[in-house]
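*Asks:* Using the sequences and the accompanying hints, generate a full structural model.
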Amino acid sequence: MDKLPVGNVGQTSLVGERIGKYNIRRVIGSGGMGLVYEAEDTVLGRRVAVKTLRDELAADAQTVQRFLHEAQTASRIAHPHVVTVYDVVEASGRVMIVMEFVDGGSAEELLRETGVPDWRTATQVTADACRGLVAAHRDGLIHRDVKPSNIMLSKAEPDAGQTGKLADFGLAKYHASHATTLTASGISVGTPHFMSPEQCRAEPTDHRSDLYALGATYFKLLTGRYPFEGEKAVQVLFAHCSASVPDPATLNPTVDSRCRSIVDRAMAKEPHERFQSASAMLAALEDLLGVSSGREREGPPPSVPSRQVIASTPTVAHRAVTPKLGVPPVAAWRSRRLLAGTLLLCGLLALVASGYLGWAPPSDSGGFSATNRGKPMSLAIDGVMGTMRVAGGGTQLIWGASDRGHAGARLMRRDLTDGSEAVLRNDEREFAKFSAAVFLPKSDWLVVADMSAILAVDLQGSDVIPLLEVANGTVRSLAAHPSGDAIALAIESWDGDFDRIEMYELSSEGTLVVVAERSMLAGQLRGISTVAYSPNGMYLAVAAGTSIHIGDARTGDVRSSFELPGPLDDNGGCGCFLAFSPDSRLLASSGRRGITMWSVQNGRQTDLPPRHRDPISVVAFHPSGDFIASASPGGIRLWHVASGDQLGDVLPGHGGNVVSDLGFAEQGRTLVSAGFDNVIRFWDVAEFGDRSAVGPAP
Amino acid sequence: MNGPDISPDETLCRLDEITTRWTQIKDPLKFVYRYSTAIRAYLEALVRQPHDVEEIIQEFLSKFLQTGLIAADSDRGRFRDYLKVAVRNAAVTFMRKKRPRQLDSQWLVRMEDASLPQDECDRQWREHWRRCVLDKAWRSLDAHQQRHADNLFYTVVRLASDHPDEGSRQLAARASEQSGRLLKPAAFRKQLSRARRMFAQEILSEVSRTVEHEGMSDVEEELIELGLLEYIRDYLPADWRNER
Chain A
1 MDKLPVGNVG
11 QTSLVGERIG
21 KYNIRRVIGS
31 GGMGLVYEAE
41 DTVLGRRVAV
51 KTLRDELAAD
61 AQTVQRFLHE
71 AQTASRIAHP
81 HVVTVYDVVE
91 ASGRVMIVME
101 FVDGGSAEEL
111 LRETGVPDWR
121 TATQVTADAC
131 RGLVAAHRDG
141 LIHRDVKPSN
151 IMLSKAEPDA
161 GQTGKLADFG
171 LAKYHASHAT
181 TLTASGISVG
191 TPHFMSPEQC
201 RAEPTDHRSD
211 LYALGATYFK
221 LLTGRYPFEG
231 EKAVQVLFAH
241 CSASVPDPAT
251 LNPTVDSRCR
261 SIVDRAMAKE
271 PHERFQSASA
281 MLAALEDLLG
291 VSSGREREGP
301 PPSVPSRQVI
311 ASTPTVAHRA
321 VTPKLGVPPV
331 AAWRSRRLLA
341 GTLLLCGLLA
351 LVASGYLGWA
361 PPSDSGGFSA
371 TNRGKPMSLA
381 IDGVMGTMRV
391 AGGGTQLIWG
401 ASDRGHAGAR
411 LMRRDLTDGS
421 EAVLRNDERE
431 FAKFSAAVFL
441 PKSDWLVVAD
451 MSAILAVDLQ
461 GSDVIPLLEV
471 ANGTVRSLAA
481 HPSGDAIALA
491 IESWDGDFDR
501 IEMYELSSEG
511 TLVVVAERSM
521 LAGQLRGIST
531 VAYSPNGMYL
541 AVAAGTSIHI
551 GDARTGDVRS
561 SFELPGPLDD
571 NGGCGCFLAF
581 SPDSRLLASS
591 GRRGITMWSV
601 QNGRQTDLPP
611 RHRDPISVVA
621 FHPSGDFIAS
631 ASPGGIRLWH
641 VASGDQLGDV
651 LPGHGGNVVS
661 DLGFAEQGRT
671 LVSAGFDNVI
681 RFWDVAEFGD
691 RSAVGPAP
Chain B
1001 MNGPDISPDE
1011 TLCRLDEITT
1021 RWTQIKDPLK
1031 FVYRYSTAIR
1041 AYLEALVRQP
1051 HDVEEIIQEF
1061 LSKFLQTGLI
1071 AADSDRGRFR
1081 DYLKVAVRNA
1091 AVTFMRKKRP
1101 RQLDSQWLVR
1111 MEDASLPQDE
1121 CDRQWREHWR
1131 RCVLDKAWRS
1141 LDAHQQRHAD
1151 NLFYTVVRLA
1161 SDHPDEGSRQ
1171 LAARASEQSG
1181 RLLKPAAFRK
1191 QLSRARRMFA
1201 QEILSEVSRT
1211 VEHEGMSDVE
1221 EELIELGLLE
1231 YIRDYLPADW
1241 RNER
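Chains A and B are the protein sequences, given in the same order. The C-terminal residue of the first sequence carries number 698 in the working numbering, and the numbering is unbroken. The C-terminal residue of the second sequence carries number 1244 in the working numbering, and the numbering is unbroken.
No lab work stands behind these hints, which were simulated from the structure alone. Bear in mind that the values here come from a model prediction, so they are computed numbers and not experimental data. The reader is advised that the hints may include incorrect statements.
The calculated lysine-lysine pairs, modelled on DSS-like cross-linking and capped at a C-alpha distance of 30 Å, are [claimed, not checked]:
| id | chain 1 | residue 1 | chain 2 | residue 2 |
| --- | --- | --- | --- | --- |
| 1 | A | K269 | B | K1030 |
| 2 | A | K232 | B | K1063 |
| 3 | B | K1030 | B | K1097 |
| 4 | A | K232 | B | K1097 |
| 5 | B | K1136 | A | K232 |
| 6 | A | K232 | B | K1030 |
| 7 | A | K232 | B | K1098 |
| 8 | B | K1136 | A | K269 |
| 9 | B | K1136 | B | K1063 |
To give an idea of the interface, some chain B residues facing chain A are shown, with a C-beta separation under 7 Å as derived from the structure [unchecked claim]:
| id | residue |
| --- | --- |
| 10 | D1081 |
| 11 | Q1178 |
| 12 | G1180 |
Note that the Cβ used here is the ideal one computed from N, Cα and C, for glycine as well.
*Replies:* Dropping the structure here:
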């Protein structure tokens, strides 16, 4: 929407005319398709922008049809960061798109009139446009013409700064379809500076082309320059396909060095090496701005409908996504349990009244709660989640995330009491992955499996001690003895040989070192998935295939073995996940559609009802020991251990994705889950205590 | 999760669609863009000055726009060779014009005689050309996966390539983790088999487009020279060499 003389676009001016209910006042912009006017809606008494087609294009029926179709498509997007399309009008043989009037001009005009903004403003504008892309991609629409002149800036809230809005949806598709022809014949296209390599090569494009263009736009906003300059369009396009993107800081030294990584990622030559969704790019931009919450990130990329991405605290006019457990309990799984269920309600209400399940209203003063205003309900992980753990009395959250382009991995820690985050370790090796982690009790150490290395990482991220190297296998699970002086590793063999359990004693005198090594069930394990110490420190449990073994925590001598009833349900190779109850009396296993539990003392088996539609991938005991949570791709459920009754309804979980980790935080008030959608979600267990939701006391 | 509902023939039916006469390519500029990283790497090896590289690219593209592939005759052989000579000529022209006093006579002799070996430059050229062919195949798999929500062709081949020592159980778990969808080992193997055939087909198609011939023997020779045949041979149909 650059301001150009009317004569440049081959269109008769409509200024002063009245078309339908619109009084055309002045030309405010010009694009490749035609002119944009400021107009007044005389019925509603508001300013609008009216976009029209150039005369020669308006005479082409196919062009008009596309113009209308795309305008109608764009009108479906109602989002604060997308310029709203109000109406499509045909009058006097003329087609017009009536849309929201944005009073601050475009980002291109901002650059032209006030120069390069500071990097925070540039990042903020880019993040706003990215929010618009999240909404568009969610609706299956690819913009195809993201550039500074298509980001409009609103001055509606002067104290709050400018808000970026993505404009010109639909027209871009038309442009792209012609760009190839123009390029091939050697005629300069309008804006080659933001075209992705696949667009340059006229190969199939998808939503990631928009992310490339947004990366190029970000570069321009940071530096005032195009990423690739050249005398001719073909040279610029050639550079998009082959040249390295310059470091923005070389052109503008005030740019924060972290901006470069976002530009590089967004503008990767290969689509599969870029951010894979607008949500992921938005997360990176927000991280840079330090506003990782309070903004909506939502929606999967258009072509991957099975992936649900992010839902965080809603902003105005955004969809509110509030996970709730608190609805009436489902019917008791056995009728004779009805009484027990009633008693359960009484017990639950008593717990609620005592504040055990967090009946107290959430505090506004720092403490984390899933219900706190302005705190995130979910965290989108930029990358592929390797592991997630809750510990430190439920106040610490750690996770490992690998780069989608296999360019490294990061180990992150979040303090749930104040929301602060820190990078504990950054492994830049290709294919790096933190596959397992465990907090070492009674210490400030975290033990992690970083590819084949087992490392002790200081919780402040200031110290890393290599403990040992794992040979010929992948660490599937790590466990730490409650005393903090031993760890156990479940290792899946690479060569088809037997899987194995390796146990190591640690000494923390001076520094942390391995002082002894043992094995358990050598030559007997296949399909190993989990290892877990009992909270009392007496037992070590192992799951391999459908076999569950409980051994001595110190010697590894097997004391009892159980077999999951029936064959292991298919769970995508996750195997069984084991969890001891807090009093160490029960051992619970996933793997089937219902939880199976064994008494550690006498081996008595209890099966909770197989109510999950899919196999359970992970279970977690509530700190009270009275409740246990189970998760499958179909959702997350909470159960009363003694009665076997399910509490409340099933939670949506991770949109059909496998839930890989589960844990209770905040003394049991919050349930934290991580899934293969690479999102960590926080579920408010306090909702169980809502009297109106649970139902009246008997 | 069951495998995708894709016809077993889907990845094989396009052999008949291969264009094997590169001089008939309708839009050569897009072809040049496809091999742009090879062109850039080759020029960097030839002249070593980044600013010179940019200027040579500009001249090369200008000339290419003017003449396209018209100058090529039917005996040009491989597109790879034709393009290399064109790029080298652009470099020589530029150096003669812009750096006459700095020209090393030996360099010029080597540049002007296409029959003389230029080991490092040629190696760069071949290696990056090979990379471009592979990148094109990877992009095709990726685009296929993006278009068809029920397949993981890119993911499974990438995983199998990145983790050659792992079995289908581990790889299926990795694929499930990456995609957020349950994938059994059997389904992984099924997808991998089809995806590898598609990958091989993409490489064969791309290489076929860059040779000028009436049969497939030139294609096989080019595949061998680029070191690609050994990777794809097992996934091509038995009769892929048959002339059409």
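*Asks:* Of the hints stated earlier, which fail here?
*Replies:* Those not satisfied come down to hint 10.
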